[in-house]
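J.: If you want the building blocks of each chain, they are given just below.
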Amino acid sequence: MVDVGLVVANLVYGLLIGIIYGIATVGLNMIFGVLKIVNVGHGAFIMVGAYVTLLLFTLAGVTPPLTIVASMAVGIGLGLLFYYLVIKYLVDAPELATLLATFAIGVLLQEIVKAFMGADSRGFTWNLGNIEIAGVSVALSKVIAAILSIALLGFLYLVIYRTKLGLAIRAVVQDKEGAMVVGVDVDRIYAISFALGIMVTVASGSILAMYLQSGIHPYMGEIYTLKGFVIAVMAGLGSIPGAFIAGILFGLFENLSYVALQSIEGIQPLVLTRSIAFLLLLIILLVKPSGLFQR
Amino acid sequence: MAGKNLYLGVGILIIIILLAGVFMMQGGEEQATQTGETTPAAGQTQEQTQAQETQQEAKTETQTEAQAGGEVETLVIGAPLSLSGKYAKEGEMSLMGALAAVKWINDNGGITVNGKKYMLEFKYYDDESNPDRVTSIVERLITQDGVKFLLAPYSSGLTAKAAPVAERYGALMLSHGGASDKIFQQGYDYLVQILTPASRYFTSVLDMVKAIDPQAKTVAIVYKENEFSRTVAEGAKAYAEKLGFEVVYFQSYPADAQDLTPVLQPLKDLQPDVIIGGGHFADGQLLARQINELGIKAKLVGILVAPALPDFYKNLGEAAEGIVYPSQWEPGVTFSPETTPQGYEWYGPTVEEFIKYFKEVAKERGKGDIMPSYHAADAAAAILFLAKAIEQANSLNPDDVRQAMNDLALFTFYGKLKIDPETGLQIGHDMIVGQWQNGKKVIVWPKEAAQAEPLYPKP
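Keeping their order, the protein sequence lines are chains A and B. Residue numbering for the first sequence is 1 to 295, as defined by the working numbering. Residue numbering for the second sequence is 1 to 459, as defined by the working numbering.
Note that these hints are calculated values from the structure, not bench results. Each residue gets a CB set at the ideal place from its N, CA and C atoms; glycine is no exception.
Distance windows between CB atoms, simulated:
1) Asp-269/B <-> Ser-290/A: 42 to 48 Å
2) Gly-118/A <-> Asp-399/B: 38 to 44 Å
3) Ile-264/A <-> Asp-145/B: 49 to 55 Å
4) Val-186/A <-> Gly-295/B: 51 to 57 Å
Among the chain B residues that face chain A by a calculated CB cut under 7 Å, a handful are:
5) Tyr-253
6) Thr-261
7) Pro-262
8) Ala-282
9) Gly-317
Sequences and hints are given; from them, build the entire structure.
T.: Okay, here's the thing in structure tokens:
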């Protein structure tokens, strides 16, 4: 009944898009983990990254993998800017204030981009041909996007677990007052963590653009804010590797549930996969409310 | 200390929100008359807006009075149009098309009703592609601005929202971007369709395949899950089966899909002769790209809406080559007063005139030197059909104008226009088939209007 080739193909594509979902959620979860702030404007930063890649590639001919470096720089810049301009004053403010502030930042970014770029849905073509993975033909650009996601995660991991800065970040996460007592500048750590989180998010936008190469418009981020929240809650808010793994699971689940649904007559499977994904979230929350990877 | 920081934070928060608001208004809340002088902002109180509107109207009237010595009155046509949000692209085109037609009519003496001359004025608000905004805008246009004749918003979904409101107030609404058949099965008396209905969108494409390749047997249909695209897909399926094709695949994808790989994967094995489908702009691009990426070979790929816009090739490059699309209209069509068919009456600008007026409007709106898409022509045709019907009815009462439309058979730069008296459905206008060849759009079907031979099979 179920076509094996189709299952394998959806496994491969589910894994690839899952890795992208994963990296696109890591920044959201990192910011929550350290600052306890939910970044509702998350998707807008992804959108900014997609535009960085689009513009550098179409105007200056920079090869997309290199644009990630530019996106990281833009991300750090935006992160520091918004931290010192807004977030700094809201770290201890009521949740509603941070939700509103990050939402406003998101809308601001969307509208600035729209003012300069227009609302058109754009795309570009960066075609490197296809390769075979487990007998499934996949665009090489998609594979590279996935590899770069893993590299970016590795970079973040090194920063957090192998540097003194990372040690300070982890100290602040564990015990803010304690870290202050031993001389950690908490405000600075907040600033750096926020910037790092935004950096990964903007860079993931570049990776996403490389993966899809179409559908780049000022409001493209909204769906990733939504999916990002689902994945983050699945993983347990705050966990960085958890967010990545949950992203992969989400991608696999989305694609495989498609195959399962396809074998049922008279329904439109791809339309239903999303509700299935949310059903999964509901079950996880019922069984393990703290998320899959939360201690 | 903490208290002070909090105040500072709240202060900055307010500034950010205000800034965001300003940006939203710039692009989002656009409201202007045909002359387009003022742009009242969203957050203004009603009194302010009304005061400005009075000023605005006063200004328009003095202008026209000066032009024609006080004999001329103004007739306002209203519309909710999507100038931001997901239909921003199509909405902007509709707006410029409508403005071009209004301008042509005014430059050619306006319209005459009961011996009195009327200049047209086009009043629109940005609906942000948002159904809730559409209903409130239509209500506002009718109750506050006193508009009796309306263009519908872009897309079938938004038109379905607008139609009941217009119906309730007895205002006549012309659908230029709502091709859905279903809206016209609801028994609305004040809704009239200008473009070819969705169910007939792919008939010309399938006719073409049948004519040039009788060997083609299998058809796959992949469409966006919404009212419009489903009607197109179902209409295409029925017509394909009627022509003797076998529909081997019939699947939809969600409106905001970012990745169509799962839906397209089975086509690799099915290898259909013809793939048709799509929805609107963003997803149509995605569909074309991923069909190419997955290496799916078909003799013909026909996609809705997206390929008709110039950005399609810019964004897709090679992947766009050979893609076929049904179109309501293309700038290269050859309809002219001389080719007017029996029983039809020519009205409005010629194709060249329309393009000229459109370009003027586009330049005024800072869009540069661009060509009209069929969305622009749809909206312009709606204005022309309405203007002619008002003249024919010799009345400004929507009921009389609706009655007059039943007997109207117009031939315009857009082709034939004729409605079904019962439902208001468009029965005159036919689709043409376009194709991307060597980075250019050409009309390939019907033969009478073709600029080039169809590229078949698709490279």
